[in-house]
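Using the sequences and the hints given, assemble the complete structure.
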Amino acid sequence: MFKPTRIIFAMALLALTGSAVAASQVDKKADKVVMLPASAMLAIEKNGKFAIISDTGRFIIQGTVYDVWAKKELKTIEDARIAAHYIPVDKTNLGFKDLAPLTIGSGEKAITMFSDPACGFCKEIIQEARSSLPEGYRLDVLMLPLLSQESAVRTKELLCAKDKVAAWKAGASGDMKTPLEQLPTAQCDLDVISKRRMTAQFLGARNVPFLIRDDGLTREGKPEEGLRAWVESDRTL
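For the sequence shown, the residue numbers in mature numbering (1 follows the signal peptide of the UniProt record, and there is no 0) are -22 to -1, 1 to 215.
Worth flagging that the hints you see were computed from the coordinates, not collected in a lab.
Backbone N, C-alpha and C define an ideal beta-carbon position, used for all residues, glycine too.
Certain hints may be false.
[To be verified] For lysine-lysine, the following DSS-like pairs were computed, each having C-alpha atoms within a straight-line distance of at most 30 Å:
# : residue 1 : residue 2
1 : K27       : K75
2 : K49       : K27
3 : K142      : K75
4 : K10       : K69
[Unchecked claim] Pair by pair, the computed Cβ-Cβ distance ranges are:
#  : residue 1 : residue 2 : range
5  : S126      : I31       : 16 to 26 Å
6  : F99       : K142      : 19 to 29 Å
7  : T42       : S151      : 48 to 58 Å
8  : P15       : K69       : 49 to 59 Å
9  : E203      : S84       : 22 to 32 Å
10 : G41       : S110      : 41 to 51 Å
11 : N71       : E51       : 17 to 27 Å
12 : D141      : V11       : 13 to 23 Å
13 : T156      : F99       : 47 to 57 Å
14 : A18       : K53       : 19 to 29 Å
Structure below.
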């Protein structure tokens, strides 16, 4: 069984220490972990001073604020903006390939999208990718059962389909109805879906579509300017 909070803490410690010892330390000290009542943290700058506060205004973080993933201290609003909108994909080593993505294109540079089989905007993004991805790119789609019970059923069917070509066509077109012959239960690793959920939670992907560009820029929702324009947009970071 997956334990999201424990795994997230473990990954944070691993990134900070660079040592496998950190994971065992989380287990040993789990009774000392306290979850504070806040759903978001806000970066503010007032009178030239930078601070982090909870969305309720109850908690203020004083002293050093360190981005464990990017391995840098947040000192300014611009630092916070970058941390909020970029995931350092080159440092997190998340292993998206282990999550059995539905892939559009064959380029070396990956755009990753968390999706749902019933997500209309996700389907539109996939169609854009099929016709207009920049050269050298691919779209890796990670299906999650978020929107309905039908989504949960279809996510499993797509993963466990015996005919992978038929599953690809159904997933890429948003086809929720065409029957897909299934592999025997013992031959389909349903833990992949749980791992996708865990990864989405860890990265803050709460809604679909959620896109991660090859340089780490994130986007919740369909890019208004179009997928290709978003992929090719400003890369001055």
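Hints, verified against the model:
Proposed proximity of K27 and K75 is contradicted: the alpha carbons are some 42 Å apart, above 30 Å. For a cut-off of 30 Å, the pair hint linking K49 to K27 stands: about 22 Å separates their Cα positions. A threshold of 30 Å between alpha carbons decides the hint, and for K142 with K75 the separation of about 16 Å falls inside it, so the pair holds. Proposed proximity of K10 and K69 is supported: the alpha carbons are some 28 Å apart, at most 30 Å.
At about 36 Å, the beta-carbon gap between S126 and I31 misses the expected band of 16 to 26 Å. About 25 Å separates the C-beta atoms of F99 and K142, a value consistent with the hinted range of 19 to 29 Å. Hint check: T42 to S151, Cβ distance near 49 Å, so the stated range 48 to 58 Å holds. Here the CB-CB span from P15 to K69 is close to 30 Å, at odds with the stated 49 to 59 Å.
Distance hint for E203 and S84: a CB-CB separation of about 24 Å, consistent with the stated range 22 to 32 Å. Judged by the Cβ atoms, the range 41 to 51 Å given for G41 and S110 holds: they are separated by roughly 47 Å. In this structure the supplied range 17 to 27 Å holds for N71 paired with E51, their Cβ-Cβ distance being about 22 Å. Our hint of 13 to 23 Å for D141 and V11 is violated, since their Cβ atoms are close to 45 Å apart.
Checking the proposed 47 to 57 Å range against T156 and F99 shows it is violated: the Cβ atoms sit about 21 Å from each other. At roughly 20 Å, the beta carbons of A18 and K53 sit within the given window of 19 to 29 Å.
Hint compliance for this structure: hints 1, 5, 8, 12, 13 are broken, all remaining hints hold.
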